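Asks: For what it's worth, UniProt numbering labels the leading residue of the sequence shown as 1, then goes sequentially.
Hints are computed from structural coordinates only; laboratory data are not their basis.
All values reported here derive from a predicted model rather than from experimental measurement.
Glycine included, C-beta positions come from ideal geometry on N, C-alpha and C.
Please note that the accuracy of each hint is not assured.
Here are the simulated DSS-like pairs of lysine-lysine, each with C-alpha atoms no more than 27 angstroms apart in a straight line [what the hints assert, rightly or not]:
| no. | residue 1 | residue 2 |
| --- | --- | --- |
| 1 | LYS160 | LYS150 |
| 2 | LYS544 | LYS142 |
| 3 | LYS195 | LYS302 |
| 4 | LYS366 | LYS315 |
| 5 | LYS35 | LYS545 |
| 6 | LYS225 | LYS600 |
| 7 | LYS195 | LYS315 |
What follows is a list of derived Cβ distance ranges for each label pair [what the hints assert, rightly or not]:
| no. | residue 1 | residue 2 | range |
| --- | --- | --- | --- |
| 8 | ARG203 | GLU478 | 49 to 57 angstroms |
| 9 | VAL774 | ASP617 | 40 to 48 angstroms |
| 10 | ASN711 | SER799 | 32 to 40 angstroms |
| 11 | ASN711 | LYS221 | 32 to 40 angstroms |
| 12 | ARG101 | VAL500 | 31 to 39 angstroms |
| 13 | ARG121 | GLY534 | 51 to 59 angstroms |
| 14 | LYS117 | GLU314 | 54 to 62 angstroms |
| 15 | ALA311 | THR224 | 25 to 33 angstroms |
| 16 | ALA678 | ASP216 | 47 to 55 angstroms |
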Amino acid sequence: MSEQQDRQAEGYDFRAIQDRWLPVWEDLRPFEAGKAGDDRPKKYVLDMFPYPSGDLHMGHAEAFCFGDILARYWRGRGYDVLHPIGWDSFGLPAENAAIKRGVDPREWTYANIEQQKASFRVYAPSFDWSRVLHTSDPEYYKWNQWIFLKMYEKGLAYRKASWVNWDPVDQTVLANEQVLADGTSERSGAVVVKKKLTQWYFRITDYADRLLDDLDQLEGKWPTKVLNMQRNWIGRSRGAEVEFEIEGREQRVPVFTTRPDTLHGATFMVVAPDSDLAAELAAGASPEVRMQFQAYLEQAQKQSEIDRQNADREKTGVFLDHFAVNPVNGERIPVWAADYVLADYGHGAIMAVPAHDQRDLDFALKFELPVRVVLDVRGEDGESLPDPVESGVALAGDGTLVNSAELDGLSKADAIARAVEILEERGTGRAATTYRLRDWLISRQRYWGTPIPILHAEDGSMQPVPESALPVVLPSSEGLDLKPKGTSPLGGATEWATVVDPETGATLTRDPDTMDTFVDSSWYYFRFLSANDGTQAFDPAEAKKWAPVDQYVGGVEHAILHLLYSRFITKVMHDLGYIDFEEPFLDMLNQGMVLLDGAKMSKSKGNLVEFASELRDHGADALRVTLAFAGPPEDDIDWADVSVQGSAKFLARAWRLADDVQGSGSAPGASFASGDAALRRATHRLLADAPGLVEQYKFNVVVARLMEQVNVTRKAVDSGCGAADPAVRESVEAIAVILSLFAPYTAEDMWAKLGHEPTVALVTWPEADPALLVEDEITLVVQVDGKVRDRLTLPASVSAEDAEAAARASAAVQRAVGDRAVVNVVVRVPKIVSIATKPAA
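I would like the entire structure built from these sequences, with the hints used as guidance.
Replies: Put into C-alpha cells, the structure is as follows:
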C-alpha cells in the first residue's frame, strides 16, 4: 500500500483537506489588512515579489514558506498584518522568451502570472489578495514615470553621453551592478564590452554618504554579509584630489589618490584609453602616436573591466607624446594611456607611484620608466625591504617618508595630513572623497519596460511629459521588430513616437528607451499600501500607518542591486516630503538555496525537483513543513537529504490527536486546570518558548518542538489519561495554533475537529502560565569517571549536598565506583553530578 493510501486509510487525506478549506478561506478572505475599525497594531511583512518566468519553483516554495511563517506568527501575536503579493513582470526574460516563441510579451507574461497564482492558491500563503499588482500594468508603471519626473525636476534624473556596459547578445546597456565578477552579463552570459552612448541616469551618487552611513542603523537587523556587500559596493575612499598641469593644455587634470603623501614618488601619469582626456591628448600628438593610440583603444574596448584590472596580466600602453607637471616638485612626468586604468574611476587618470604600487611598478619596469622610493618600509626584522627595481615587488603598506622634501621623517597619517595642507596652500589640490558607486544607468534599448516620459524636439531640447498625460502607455508590439539590434524597438512605433505640441504645433518625438526593471522593484513596497488608488503612487497617510516594512524576506542575490536602489528611492521619497523615514526594510531574512545532491537545480543539468510535482504528490503542508524543518533558513537545503514523507507522517499523527479529542466528547471552553499536570507543563513550555524561536528565525526548532509535543500528547492519551482529559485538549489546541504557521490546512482541519469556527490563523496565541513553567522535579545526570551511570529524579529545590548524597547512594553509582577511591565530586544542580575516582591505595 502506498504512503498516500496509508494516510487515507488512517483518515488523513491531504487532498480532501485542501479541497475542504481552500473555498472556505477564499470566501472568508481572512488576510485582508487595514479593514475599517481594525485598531490592532500594524506589521508589514513582505516577500521579494516573483518574476513570472514560468511556474513557481522550489526557491519560491522556500522563500514564501518562510515569509508566510512570519506573517502568520505576527497575526497570532495580535497584529494586523499586511502581507501582499505582486509580480515583477517587465524585463528582458519575458521579451526574449516572447521573441523565441513568436508571441507578444504580454501574452507570455500574463499567462505565467496566472499559472503562478494558481500554484500560490494551493500553496496557501496568507496573502492579501485585494492588493495584487503587476509592474507591467499601466496602472503601476504610470507611477514609475511619475517618480522619474520628480527626479528630473530635482536634477536627480539626467541624460549624458558616456562609456557604458554593453551586452552584445541582448543588445542593451547594463548598469555596473549587472555585470558579474568575471565581466559577463548576469542575464545573457555574454562578455560585456564598452560602448559610448547617450543614456539616462539617476544621480544615486548624491546619496552615497547617506547610503553608506545609514547602514549602521541596520546592524543586527540585516545579515552581516549583506551590509558588507553594500558597504563594499559604495566603496568610499578618503584622500586628496591633486591637480596636474599638462603641458600645452590650459585646464588642469584632477587626479584622486588615497596616498597624497607619496606624491614625490609619482614619476608618470596614466590615463584610461577610453577616456575623453586620452582622446584629446592623442588628437594633439604626432600622426604615428595617433595611429598607435587608435589601435590600442580598439583593443582595450574588447576587454572586460575584470580583464583590464587583472594584476597578473602583462601591462600594455601607449605614450601620448605629452608631459604633466608634478605639483609638489615641478618635475615633468610622461603621460601614458594604459588599459589598467578605467575611464569611470575618478576622472580617468592616475598618478603612478611605481615604487609603492605593484601595477604601476610592473608598467614602469616594462617601459623603463623611473622608480623612486618615498617610503622606508621595513620588515619584521626591522631592516628596510629590498629596492623594488631589484626585487620586482612594490613596497606596499606604511613606512616613514623619505626623498619627499618637507615630508621626510613623517609617518603615513602625518604625511597625508601635511601633503593635503601643502596642496591647499599652493592651490593645486584639496582633501577629497571618492566612491566606487556610480550613477544608476536606467535606460534600456528594449521594448518590454516602462517608457521614459521625455519628449525630444528637433533642436535637441527635451521636455518632460506633463503629469496629467501619464501614463505614457507602451504601444502594442504588433508590427514591431523586437529582436535585439542595439536600438529600442519603440523607435519603430512611428505613430506612438510622434507627438504634436498642442501649444506650439511643433513635432516632438518620444524617448525610445525604456527603464531598467530595477526601477519597478525599487518602490513596489510603497505601491502595495495604495495598490488600487489611481490618484497617487501611494498615500502618505498609509505609509505613516504601515511603513517601513517590518520584515523583508528574499534571496541574498539581491543584496546589492535591488536593496541599494530601494534604499535610494526611499531616501528620495523622504526628501520630497512623502514619508518620514529613510530606510525601507527594518529586518531582513535571506533564505538559502534549494539544492539537489549538492548542486544548484537546473533543467539543463537534469537535476530538477519540480515544485508542481512535489505539491501534487505530497500536498502543501508536507512541503512547507519539510522546508521549515530542514535547517536554519539562511542555510542551503539539499533535497536529497530531506524527507517529505516523514513530514506527512508527522502531520497525520497531529491530525489524529484532534480526531481523538473530537471522538472523546470533549467540548471547547472547559477549564484545563484539572488536566494531567505533566502534559500541561509541556504544553506551556512550548507556548513560552515558541515566540522567541520564531522571532529568531529558528523555524526548524519550532517544528521539532511540535513533533515532541505530539509525541508527549500521544503518550498521555495512550497511557491512560485519555483523549477526554482537559490537558489533552489544551495541548492539541496549542499544537493546532502553532502548527498553522507551517501547515495551514492540517491546522485548520484540527481546529474544526476541536469544535472551533475558522480560521485558526486569526486566533491569538494563548499565553503560557508562569506557574506551570516552574519545574517540580529535575533529572540529574550522574557520571563516574566521565561515563553516565545513572539519572536521578529529584525535587527541583534539591541542594547540592543532598544531590551529592543521592548520587553516592545510587546502586548503579556504587557498582561503578567499586573499591576505587573517590578523589573529586563536582555538583552542578540541576544538571549533573560528576564523580572522579582513582585506584585505592
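Asks: May I ask which of the numbered hints given earlier this structure violates, with the numbers listed in increasing order?
Replies: Those not satisfied are hints 8, 13.
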